[in-house]
Each structure stands twice: as structure tokens, then as C-alpha cells.
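Colleague: The listed protein sequences correspond, in order, to chains A and B. For the first sequence, our numbering gives the first residue as 1, with consecutive numbering after it. For the second sequence, our numbering gives the first residue as 1, with consecutive numbering after it.
Heads up, some of the hints might be wrong.
Dumping the calculated SDA-like pairs for lysine to any residue here, alpha-carbon to alpha-carbon at most 25 Å [as the list claims (entries may be wrong)]: (1) A:121 with B:65; (2) B:254 with A:86; (3) A:125 with B:62; (4) B:54 with A:219; (5) B:19 with A:134; (6) A:121 with A:106; (7) A:219 with B:188; (8) B:254 with B:236; (9) A:236 with B:248; (10) B:97 with B:127; (11) A:202 with B:248; (12) B:191 with B:155; (13) B:254 with B:188; (14) B:19 with A:23; (15) A:164 with A:219; (16) A:86 with A:103; (17) B:55 with A:140; (18) B:23 with B:155.
Think of the hints as simulated: they come from the structure by calculation, not from any bench. Just so we're clear, the structure is a prediction, and the values are computed from it rather than from any experiment.
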Amino acid sequence: MSVGLQAFLLGLLGAYCWLDWCIGFLYCNRPIVLCPLAGLILNDFQTGLLIGAVLETYFLGSVVIGAYVAPDAGISGILACAFAIKSGLDADAALVMAVPIAVVMTQLQNILWTLYSVMAKIADKHAENGNDKGVYRIMVIQMIGNTLLKFFVVYFAWLLGADKVNAFMDMIPPVILNGMAKAGGVLPAIGMAILMIMIMNKENVPYYILGFFLAAYLKIPIIGIAVLGLILVFTKYNFVGAFKTVGKERKSDDNEY
Amino acid sequence: MIMNTNINENKYNKIITHKDIVKLNWRSMMGASACNFERLTNVPFCFIVGPALKKIYGDDKEAFSKALQRHLVYYATTPQVYSYMGGLMVAMEEQNKLDPDFDEHSINAVKSALMGPLSGIGDALFVSTIRVIGASVAISLAQTGNAIAPLVYFLIFNIPNNIFRFYGGQVGYEMGTGLLTKLQESGLMDKVMSAASILGLMVIGGMSYTSIGVNLALTWGPEGYQTNIMDVINGIFPGLLSLAVVFLFYWMRKKNVSTVIMLVGTIIVVCILTAMGIM
């Protein structure tokens, strides 16, 4: 198999890393599934399987939780496995080669998602005009963008080698890369502010501060905050008593019939 | 098939039918296909509930466009609970259409109140438990060179995954309609909705701390004895800068500054501050 065809097929595995999220989060964009397939492409299924086991163990802890995006296990898995099979390296050494590319991938994705925030405004415009199809179109375009990014990172990494990809990244000014990543941390504040506009009024402002305070000072997880909030509103509005009376009224209604 | 069980047409006596909910379940498969930093998976969420909204508000173009905008707000949960949340939101939208006194702000209040807790439960269940079980079993198989390993992993994760998805919409919708009817009969609707706003705001408050990252790189003091200003601020009030930024955006939005300007402005300002070494 020519290197070009290998790069294309490995690139498809890379593209699948995003497509997995679009066909029902099957969670198969992980080394345990992708490495054997990468092995199959490079004609060494068994080695792929073994390396998949090693890498899956490494990445077992790294997943997307909330807004925190962990280093891409799928992309690193595919490339580490492919490098290992090609050069006879063991899994650790191959991973050392692959992880910088996964980091590059994440940096490029940061830029993309920051730009997507701007692009999502077009969806807002379509919504204002009641154009639902327009909103969906934005989703599809962003989906294709994400998929292509992953395809091309793996494609070029295999075609040109890891060094060339890193050399390419050195050409992008670090200010842009860092700035975009840091902007990614600030942007959710706009999303929060828009939600608050819809929910907050003069009387319930303190509760927003309370929620923030509970998380910031006491490090209470969100579920804990929700439980505290539930207790708070139950006592504030005296729901326990209110629901009881409702139940009694309904019971006496039933008795009349 | 999973999708056709438990059809109880009494539960669907209004506008939405079982078919709409099944459609919603299927569409929830694409719930994470697009993502952006400002509002995460807001566009796909709108895609999930879109057809149901169209059915509810179809004849009223203005109400439909307002509903679409309502579901383009910040949205982030574990993907497995998308269909549940979608079903619940559709039940509330239906109520909004049928009951002229219904406060439409309560829809997003409920969504926000549930978002954080549902993610917490979903992540713990799917990401930290089921996935880890599947991966552990598959790893031990793969280590012995057993080719069935990937398939075992796929099945262990995806059977619960899909059961959740294809029951989720229905469970969410039924809970929503059941609860809303009960609240309306009892006259507690107003109280419960303002309680939901309080709960929603507390959760948004917590999420503001966990999901926003505003950091300064500035230090002060003599060479070798520098104090990081960020540490000083966090020592007094952790996350004070995040809180300040949220309220800045809130104030700007109140002044009708367009979100496009806020977004592009933020990106440019952050890049400049990074270049100057402040952030």
C-alpha cells in the first residue's frame, strides 16, 4: 500500500474521531478501537490490538468532562500506533512522538471553536428570522469543519512525518495560539451573561452570587449546589406544607364522588 | 424495537405525538456535532428540539423564532441526557403555547437548573463508570491478543448509551407534562417557576466559576521574590475576575451591545493582553 493511501485511510480514522460525536457518541474514538483499525491499515492487526491496550490504559483518565477538553486520545492513539508499527518502536516511545501532534490538533481546534463562537451568531440571525433550516445548516458546516481538521492533521502527520507538522506549527505566532486558547476560557462568560439576562431579576441576583461563592470558596460540585438550592427553595416557599394541602384537597374532592 | 415500546397515547393528548418524540431521540444522536466556546453545544440542541418547536408554533412565525432563540442559549450536558432534556423542554414549550399565562422565561430557568446536575450524574455514570468498565474488560482481552476486544468495548458502552437515548425523550416529556399539569391544577405554578429561577441561577453561578477561566500572568516584587498577582486575588476571592467579567458582559448586554461585538472584542482584547504579557 502506498504511503499516500495509508495517509488517506489513517486520516479517515482521524475524521471518525469527530464523527463519533455526530452519530450518537458511541465513544469508539478511543485507542482501544482505533489502534486495531490503524493496525489493519498498516497490515499488522495484532500489534495494533496490543498497542491499543497499552494506550487505552494511558488515556483511561483523559476524557471530556464539562467544558474541559483533554488531550485528544483518539488522534494520539492512531498516530502513536502507526508510528510504532512503522518504526518498530514500543508504545511508550511512539506515544512521545504522537502526543505533540495531538496537542497541535487541540491548539488548532481551540482556534476553530473560538471562530465558531462568532459563526454561531449567524445561527442567531437565522433564528430571529424563524429560519430553522438556516440554524441546522450552521451545525452541519461546523461539523464538517471539525471533521476535516482531524482528517488533515492525521493525513499530513503520516504523509510528512511528525517533525514537519511541528515545524509548520512553529510558523504560527505563539501570541495567536495562546491568545485564542485564553479567549476560549473567557468566552463562556458571554454565554452565562445571556442566560442570566433571561432568568435574573432584582430579587434573585444574590442567588447567582451564592452559587458562585459555594463553588469558588467551598469547592462544592454543581450537584451539591443544586441540592442546597433545592433545600433553600423548599423552605423559602414552604413547598412541603403547600404540597400537603394540595394533596388533602384533592383527596376530599375524590371523596365527594 | 426500543422506540415503539410503552406507547401510551393518553400522555400525548395535546400537540406533540409519540412520533415527534421518537424523532427528537434520533436527532439527539447529533447533539455534540458542533461546538463553540461561547455556548458550547447550543446549535445542536436547537437542532434536536427544532421540528417539535415548529409543530408547536408552526402557524405563528414570531413565536417560533422566539422559541428557536430560546434554545440557542448556552447548553452543555453529558450527551446521553440530550434526549431527556429535549423531551422536557418540548413539554414546557407546548405548555407555553397552550397556556397564555405561562412565563416563557421559566423554560430556560428549568434548563439551567437541570444542566449542571444532569451533567454531573451523566458524567459519573457514563464517562467515569460504564466507559471505564468497558475499557478495562477490553484492555484485558486485547492484552492477550483477542480480536474481539473492540467489539466488547463497543457493546458494554453502547447498550446502556442507547437505552438512555431512546427512552430519554419520552421520560423527559412525560415528566414535564405530568408535572406541569399538576402544578397548574394546584396553583403553585408561579411559586415553582420563581423557585426554578433561583435554582437555575445558583447552578449558573457555580458553572460560572468552574467553566470560565480568566487568568493574569502579571507578577510584582523584586527579581526572584515575585508574587503572582493572580494568587493574591484568588487568595482573597477565588474567581473574582471571572465574576467581574460575567457582570461586565451582563451590563453590556443590558445596554444592548451586540453579542458579535462582545465576542470579537473579547478575542482581540485577550490576544492583545497576551501579547503584552498581562494575560
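Colleague: Which earlier hints can't be squared with this structure?
Modeller: 2, 4, 7, 8, 9, 10, 12, 13 and 15
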